Amino acid sequence: MPYLRVALDVPLPRLFDYWLDSATPADIGRRVVVPFGSRRLVGVVLAILAEPEYEASAIKPAEAVLDDMPALPAPVLGLFQFCADYYQHPLGQVVHTALPTRFRDPNPYRVAEALRYHALDSVALQAQVPKRAALQQRLAQLLATPRSEAELRAAGGTAWKTVQAWLQDGRVRAEQLQPGASVAAPGPALNIEQAEAVQAISAAQGFAAFLLHGITGSGKTEVYLNAIAAVLARGEQALVLVPEINLTPQLEARFLRRFPGVDIVSLNSAVADGERAAGWVRAARGEASIVLGTRLAVFTPVPRLGLVVVDEEHDASFKQQDGLRYSARDVAVYRARQAGVPIVLGSATPALESWQNAEAGRYRHLRLSQRAVVGAQPPQWRLLSTKRQPLQDGLHARTLAALGERLARGEQALVFLNRRGYAPVMHCGECGWMAACTRCSARLTVHLRERTLRCHHCGDEAPLPRVCPGCGNQDMKPLGQGTQRLEDTLAERFPGARILRIDRDSTRRKGSFEAALQAVHAGEVDILIGTQMLAKGHDFPNLTLVAVVGADSGLYSADFRASERLYAQLAQVAGRAGRADKPGEVILQTDFPEHPLYQALLDDDYAAFAATELAERKLAGFPPFLHQAVLRAEADRLDDALAWLRQAALLAPLSEAVTVWDPVAAGMMRLANRERAQLLVQSTARSRLLAFLAEWMVALRAQKAGKVRWSLDVDPLEL
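Sequential numbering of the sequence shown, starting at 984, is according to the numbering used here.
These are calculated hints, taken from the structure and not from any lab test. One or more hints might be untrue.
Unchecked claim - List of simulated lysine to aspartate or glutamate pairs, EDC-like, C-alpha gap at most 20 Å:
#1 Lys1043 - Asp992
#2 Lys1144 - Glu1132
#3 Lys1043 - Asp1000
#4 Lys1460 - Asp1471
#5 Lys1302 - Glu1701
#6 Lys1302 - Glu1227
#7 Lys1493 - Glu1235
#8 Lys1690 - Asp1619
As the list claims (entries may be wrong) - If you anchor each label on the Cβ, the simulated ranges turn out as follows:
#9 Pro1089 - Arg1115: 48 to 56 Å
#10 Ala1685 - Gly1020: 15 to 23 Å
#11 Arg1136 - Thr1667: 50 to 58 Å
As the structure is a computational prediction, the values presented were derived from the model and not from experiment. Cβ coordinates follow ideal geometry from the N, Cα and C atoms, glycine included.
Make a model of the complete structure from these sequences and hints.
In structure tokens:
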């Protein structure tokens, strides 16, 4: 009797056996419905066994193997096993993290074949459509050649409903997509550096990792598009990862323009469960030629994989911070190596781990040192010292003057402040009281318009007090500056200016972020106020000034990665200025204009900055020159979390190659009413650290945790 070895979504580091008379090796990688206690769960078959590992009489029968989706291929199952081993996470939970949520439902799932739509007679269709119906005219033109559903939906408005109506009345025909070689639409001419990069990537035989280091506006995306075009021309598929959902729509639109008629699936958490599942299946069937998504897309089955691209590879968003704490960038590199295909890691400010890999020869370094638009120059930096200078609500007189100049010339400006809300704290000048979160080790941010105090860590809110809770003083003041306060200041200073604030608070409604970007592109905005949401990936041709406020807070931090993150953030936001034929300027207000980080930005010399940072890290013993993992614990009481970690340290295997540090309170000790502590382990040898962790986790899982919740984070970004 055949037995199934099944991965289930349960927090146990083991697989489960079931018997099924009809099981065959073809069932490996398929979903299966099984009983688990009193529940019915959906698992994934990882192996077929002739003999069970346990007593046969104790093994339950599986209900059914579901054949409604392509079986997960061996390379993808191998990728899951790698993640389980490397990140010390239960294999069953790895598998189910990687699958679309819809596949956890035991009911069969059907996905329609990928279709292409075209007009039977596009000339006649255009003649039938009213001239004033611009959207319908646009659709009629598009349908002159076969188009995918994604392309037609991208036309906006009621485009898809219109196409469905034309399909019903016979003016449009739908045909099945036949996977195969695709031809890209022509793009702009490449400069010498871009052409050399494309040539190097396209000439790669088997696995090769390329670090594409290009200044902002240097045309990294064009390199991706041309490399992907070569892959598609061979009938292969491409996997493209971006760090944030906000970057997906504009990149998808650009891909659709370059690859008309090509099935492109977009996979991210903003996509509805059913749509994500359908896209996942189309990719697994080989129907979708391009998979574009955020970090979870790295697990998508792509049977004819020819190229992997990771855009903004330095971005911390590629690291999952709960559950399976994986780095999508690092998993993508492993996947490319496993598949024997090239991978391109692109960034204007590469992660120092990637930079060191290039310096050591493990990655090939490709450089784009000039802007892609002919005549466009990198922005000119100006450091404005704010020491002993009179400021108007945090703004230097020269900053205000520069904003006025842009308004007079009809150009756009961006004021960047990475702090949302009205002010970071409410303060009483009489007794010194400051509004603090009762659930976290953090201050409450003032949101004046909503008359609330809000914790930006746990989301807790409280009404704005009329008097000081400490002494009854009625004259309390908000201290510091957030984007809301900045908006009020600029509105008062420039009453005729059209000012738009873009941050997480102003873009909560679905579609509001896209609408805001559209307003900027349409020239309906004069001054843009934004947080890190606007720091990367956005191209505003008429924006010629970026003013940075409040950057100094990132200069001095206990986090050894703080300087790297600040440089990346400032370089990215500076890149929004002067991307077309108009010169750009970046003004940075600072109390420390001579700081080496700012001087490196002034010289546009990331290589010098990276060399300095890496030398300091090597001397101090920080990654990438050693490898780390952090064991975290949280409980109602800090003493309980620390006690559990001390016991965990006693269970650690003896190893001269691994250092186990004493447990300490976390940087933010209290979060959402839980006290947090952590224990750091590190080693100069990755293999020795992984072997240590594997042995240690066996002991930790056998230890009773009581009311303590704990987790292990390998290659942590947050300490």
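Legend entry - Earlier hints that do not hold, by number: As far as the earlier hints go, not one is violated by this structure.
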